Structures are given as structure tokens and as C-alpha cells.
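Asker: Based on the hints, put chain B in the right spot on chain A.
Chains as they are written, first to last, in the working numbering: chain A, 434 to 698; chain B, -13 to 543.
Quick caveat, the hints were computed from the structure, so don't treat them as lab data.
Values in this document were obtained by computation on a predicted structure and should not be read as measured data.
We put the beta carbon where it would ideally sit given N, CA and C, even for glycine.
Some clues are possibly wrong.
Just so you have them, the derived chain B footprint on chain A, three or more residues with Cβ under 8 Å [unchecked claim]:
| id | segment |
| --- | --- |
| 1 | 466 to 474 |
| 2 | 487 to 497 |
| 3 | 646 to 655 |
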Amino acid sequence: MNRPKTGLLVASLVLAVVALWALAPGLFTAHDPIAGVPAEKLQAPSARHLFGTDAVGRDLFARVVHGSVHSLSGAFVAVAVGLLLGTLLGLLAGSAGGPVDDAVMRFVDVLLSVPGLLLALTVIILLGPGTVNVAIAVGTGSVAAFARLARSEVVRVRRTDYVEAAFGSGGRYPVVLWRHVLPNSLGPVIALTALQFGMAILAISTLGFLGYGAEPPTPEWGLLIAEGRNYLATSWWLTTLPGAVVVAVVLAAGRISRSIGRSTA
Amino acid sequence: MPPFTKGSPMSRSRLRFAAASAATLAVAGLLGACGGTGPAADSSTGKAKAAGQPVYGGTLTYLEHQPPTCLYLPAAGFYPNGGILNQITDKLTWQNPETLKIEPWIATKWEIDKDATEYTFHLRDGVTFSDGTPLDAEAVAANFDVYGLGDEKLKLPVAEFVNNYERSEVVDPLTVRFHFTKPSPGFLQGTSVIGAGLVSKKTIALPYEEQCRLRNIVGSGPFTVKNQVVDKEVDLAVRKDYDWAPPSSGHQGRAYLDEIKIIVTPEDNVRVGALVSGQADFVRYVQAYDEATVKNAGFTVYAEPTRGVNNGLYLRPGNSILKDRGVRKALQAGTNAKEIVETLFTSGYPVATSVLSRLAQGYTDLSKELAYDPDRAATLLDEAGWTRGPDGVREKDGRKLRLGVFVAGPQPLSKQTLELVGQQWARIGVKLEIRPADAGTQAVDIKDAEKTAVAHSMVGRADQDVIKSHFHSQNRDVILSDDEKLDRLLEEESAEPDVTERNAKVAEIQRYVVDQGYAIPLFEEPQVYGGAPYVHGVAFEAVARPSFYSVWKSERE
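The shape of chain A in the complex, shown without the other chains (with noise of 0.2 Å):
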């Protein structure tokens, strides 16, 4: 019983001290992560440079650490566009049924179909590069994952007695969907959440990785692990380090997911 909270534990911290990061770069790094010092180019890691510098002479940890806002405001741009969408769409399908639930859910079938990397990559192309159409492709591709969660927990919640009594005492349509039937069926929806916010990352550095996210010089997460590859077999750090750091947010954000998820349940 203690061990899964210890791992929480460290979830938990994880993900608040990016979300610090995020709020007060300054706090973390006195460097500037856009202008180097063309003389202290490509240094491993050391008590000045925690994670070394790039090849323009830029303090590696500083553009993580800054480059945590674009990250993080984009998953959740991402998540929040997901959610919302997703889970109208499932209260829509499941609490009316009939034809409009097949229609609804053959729309989701369609999307489901359809590689989440590669619907993002087209929603991209439409709207053109930048960070928040980046986070708006990563938030299209997860519309339909929340659908069919939110749909299976309406359809659940629709069918039980209190629902059925809230009806039968003359509740209005929207009023009992709103009152009842949404905050009964939404816990499923939020553990995916917080697993959607990790994956979000994860698509959203995909996506800088490729080369459609923040212009250079921003320091973005997926850009600067793409401009590190080239140094692999010289500078193991420029690549390894803001992966690492990736990796463990979105791991972080898994575990929280899943913890919820079982407190829900």
C-alpha cells in the first residue's frame, strides 16, 4: 500500500516543478535561452551548464526549463480541446441514442481510423505552423477517444434510477444531463485526462521534432531533442537530456492518470 503512493509522491513533484518552470523560469536558471555565448559552445554538462550547452553556445537547461511553457500551455490547449469537444459529442451520442448515437459514433469511428499523428499533421498543413495549431492538431486527434469514453459512461449513468427518477419528476432534458447524468460519468473521462496531457506532450514534441512547431530560436521540447540529433555521436547530452525530461513528464502525468483512474473506479 505505501509503494504506489511513493511512486505519486514523485509524480506529483515531477509535475509541479515543471508547472514551476513554467511559471517562473527565472527562478530555475539565470541563463538566457535564446542568446548564447558563442565561446562556451557545446560543453558538457557541469555545475554551470546543468545540462551543457548547444552548438550556438546556449545554456541547455534554460531552454528546457523555458522552453516548458510552450510544452505545457500546448497540452493543455491540446487536452482542454480534446475534452471538450469529446465529451459533448459523447453526452450528445449517448444520452440521446438512436440515430443520432450511430451517426455521432460512425463520425468518431472515422476519426479513430484515421493515425492520430496523421490527422495532426493534416489539421497542421490547414491551419499552417505555429504552437497553438499545433496544439489545436494534437487536441482534434484525441476528440474521438474522449467521445467513446464519455459515451459508454453516459449511456451507463442514462439507464440508472436516479436518472430515470430525475425524469420521471419532470427534471427538463438539458437540466438532468448537466445535474445528474455529466458529473456521474465524467470520472473515467478525467483520469484520460490527465493520460491524454501526457500524450499530448509527447505528440506536441512530435510535432516540433518535425519541424511544425515554434519558429527557431524558441526553445521548444520536440526542437531541441530534433536539433540535437546531429550531435548523437559528439554531444550525448543535447538529445538525451530535454528526452529524459520528456519522458519523465509524461510518465509523471501516466501515473497520476492511472491513480485517478482507481480512486474513480
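Answerer: Just chain B, lined up with the frame of chain A:
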């Protein structure tokens, strides 16, 4: 791959000779590898495996950074194209990469009249294209009529290396004469460049889109195209009856190799990794930071100069901010090329001292005019009315001093270079907006001075005309020039028959371009190749495209 060395009687019989003079040969091997003059030799320490004499046979695996684009010869200056075309086509003349002298090739001799308006070439007898048709005066005339005049119906553009062309005249089957409306002193060198490769009459009569395709290019070179997987791989096979190498080549007859596999490998570290692990024999575009990896593995790094317009930033006067010469001069003074080279590159990339490379013809030293002086830059910007805003970026009439530039795919470390320039410009209050290269957007926006105020570019060619190719509004026109004086100077240069006068003109143009602030030269861009130690005899033309005609492979460990 056939075991082409192990059982070869040739290598065995030469073994003793080779071992006896291993030390001398090792030196010769180095020289040969660098200069590319004829077959070279090498020796490997440890096991007695020295190979002294060239052996026939084998396949060279050559990793290329980018896939070839359009292969219509005059438009094929792009290095991935040149790497293929240099093996499958021959030219009228051969430019010695060391002396830059023009030497005979398909033309055995030539006469030029006093004012360079009439060129007569005498051709070598018995040369054929790989489709069997003869390479005679008629074929040469057909080629240059297209290169010199273009063909509107077939949509073939004029070649940038031919100026003032009027017509051709077939004197007899092996003699061809070209007439020019005005002096065209650059023409002789023009016949030696990659774009002047000779193709069969059938090829040259095809429309542009068809001439772009590799399978339609029929040349007379030492290799022919065997197979192509578009955007992935090109296989070349030796032409066994080839017997018309430039007379000054140490090697005559067919090429040593049987086959060349050109594989497109865009990822930089994959190319270098494949090379040092023995999966590839030769690679193009070793990045500066990988040079040490290649050298430490005992492999050779070939950094070949391109002798043309330097790698640099070219400022477009058509942009509403850059139309002010003061701003352009300020950016020039506010860019520290030395810091860029020292941070990102190696000794193979000398800091630029003019618009042209030190090895270019007509070069003049302008390092004083190009000195880094951020204080002067700031003063110039103040004078131009741009004042610092609250965020450090200068403003004028509510407009921020922001300039757009695209990351240049073909230029080495373009993104890092631009980031560093952006850092330097930020100090003088200028914001450089770097856009990643996305082919679609770039194709549209690169021609728009408002969106792309600055171009990151270079061009290589070992003739004075290279500066015209780069700047003239009818040629590459990197600055989207609206400067009539510049066009006029360039035209005067390209029509000047006297070499001293012509070089003086080129110097004047360089001074003018720097004085107007059109150019911020950064460094003299080399083409950097990596080769395995058992690959010998690689040669390069004057602007660093490889020739694999004399290449042979000795036994590897």
C-alpha cells in the same frame, strides 16, 4: 557485390612492388586523394595489404544528402544533380581544378578571335553517346543552340554560362564554330562547366519536363544510368567502350569501377555512421561537427573549395525596410562572420573577405569594409530613424525592425548560422525571423522581398561570370535586384574580352555590392566529402563536384 580484389590477379602481382614502396605510396596516396590527379595508392598499416596499382571492378556506394531535382543540364548546378551528371556526361573542355586553365577534352583544340565573338572548336574523332549516335559537330551545335538561345516552344531556358550567343555553324563533321553578338570572354570556361555537359541530339530536342528526367539524359560519359528509384537511389554502370577522357588525365580508357550506387540519405548522422561503419564508401556533405568523427575513424575528409560567391546573407533592396542603404550597411557592420565560423565551422570554412571567395577569379580583398563594428551599426540605425523600443527591438513610425529569412536547405548548418546572426542582430536591435524550410511556402515567399527580406545563399563556378549569375536580375537574382547600375556593371563584366580589364570590373562590382550593403558575406563555403581509406583516385571539378572516373577500391580490412 563480386569479390573484385581478393582473387584479382592484378592486385596479387603488384603486391610486392607495393609493399616495397609503401611509405612513398602512402604519401602519394594522400596527395592523390586530395588533388585527384590520376590513380593514387595507399597503404594500410598492420596487415600487409598495400595496394599499389588500380584494380578494375567493384561497386562504389555513394551517399548523397538530397535527391536530384531537374536534370536539364544548364539548370543542373545543384550539387546532387552534378554528382550524377558529372559521371554520365562529358564537356567540350576540361578545367584543371588546380591551375583553373582550360584544357582539351572532347574538343582537341580551339581558336578564339581577338574580341571573343567567334569560337571554333575541333572535336575528337570517334566519340559516341551511350545510345550509339556520334558526338559530332552537329550534336555540339544542337546542344549550344539550346544552351545559348533557349527554346521557347520546348520551354528550355537559356544557360547562365553562355552570354551574348548568336548562332552556331557546322564547318565540317568535326569542326563547329560559335558566333556571338558581343564579346563573350566567359564562353571558353563556360564549355567546361557541369551545365555544358553534352547530350545526344535526341535528348536536347525534348521539352523541358522530359529533359528534367534522368532516364532521358543520354550523354557520352564514362558511366550510364542503369536504374533509378525516384528520390531514393540511382545506379550507374560503367561504359566499357569509353575512351575519351581528358588527355591530361593519368587514367585513360574505361572507368575502374563497374558500378556506382548513389543512395539518397538525408539524415546527416546516418550518412556519417554508414561511412565509418563500412556500409558506404563515399559520402557528400559531412557537417562541420562530424569532421572529427570521420577523421578519428581513419577516414578522409575532402573539403573542396567552390570558388564562387561566398555563403552569405543577401539583403533585398525591394523590401520596404531594406530599401534604405543605411539599414543595409548597419546590418553588414552588425554581423560578426568570424564568430560564426569559429563557433559552428572548421578550418575548411575560411571567413569571407569579399563577396567572392579568395580563390575566385577577379577576387579583391574587402575585409576592411566588412569589419565587424556594432557601434557603427547602432549609429547607422539611429541615423536612419530606427529607435529602440521597450523590448529592445528598434521601431520607426510604429513599425518594428523585423526581417524574415528562410532556413536554406542546401547550405551547411543554415539554421544555426541564422540563429547566431539573429543573436548578433538582436544586440543592435534588429529582430531576425527565422522560418524553417517548408518547400511549399518557401517556393512562394522566397520571391517576395516583403516576406523574405534576406536570402541565405551561395553559388560556385570558377569564372568571373559567377558574380553575374548570382546578382543579375535575369539570372539567379538573389537580391531581387531593382538596381540598374548593378545590372549594367555585370553586363559590362561579362562582355569584357581582356582578362585584366575583366578582373578589374569584377573587383569594382564586389566593391559596389559591399558598398551598397547588398551582401553580408559570411564564409567561403566548401563542399565537404568523406571517403573510406580504401577508396582512391577521387577527383573534383573546379567547383567541387566529384568525378568517379578514376576511382578504384583497394582491399579493405
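Asker: Give a verdict on every hint.
Answerer: Here's how the hints hold up against the structure:
With a threshold of 8 Å between beta carbons, the proposed coverage of the segment 466 to 474 of chain A by chain B holds, since 6 of its residues qualify and at least three are required. With a threshold of 8 Å between beta carbons, the proposed coverage of the segment 487 to 497 of chain A by chain B holds, since 3 of its residues qualify and at least three are required. Check result for the segment 646 to 655 of chain A against chain B: holds, 3 residues qualifying (beta carbon to beta carbon below 8 Å, three or more required).
Checked against the numbered hints given earlier, this structure breaks none of them.
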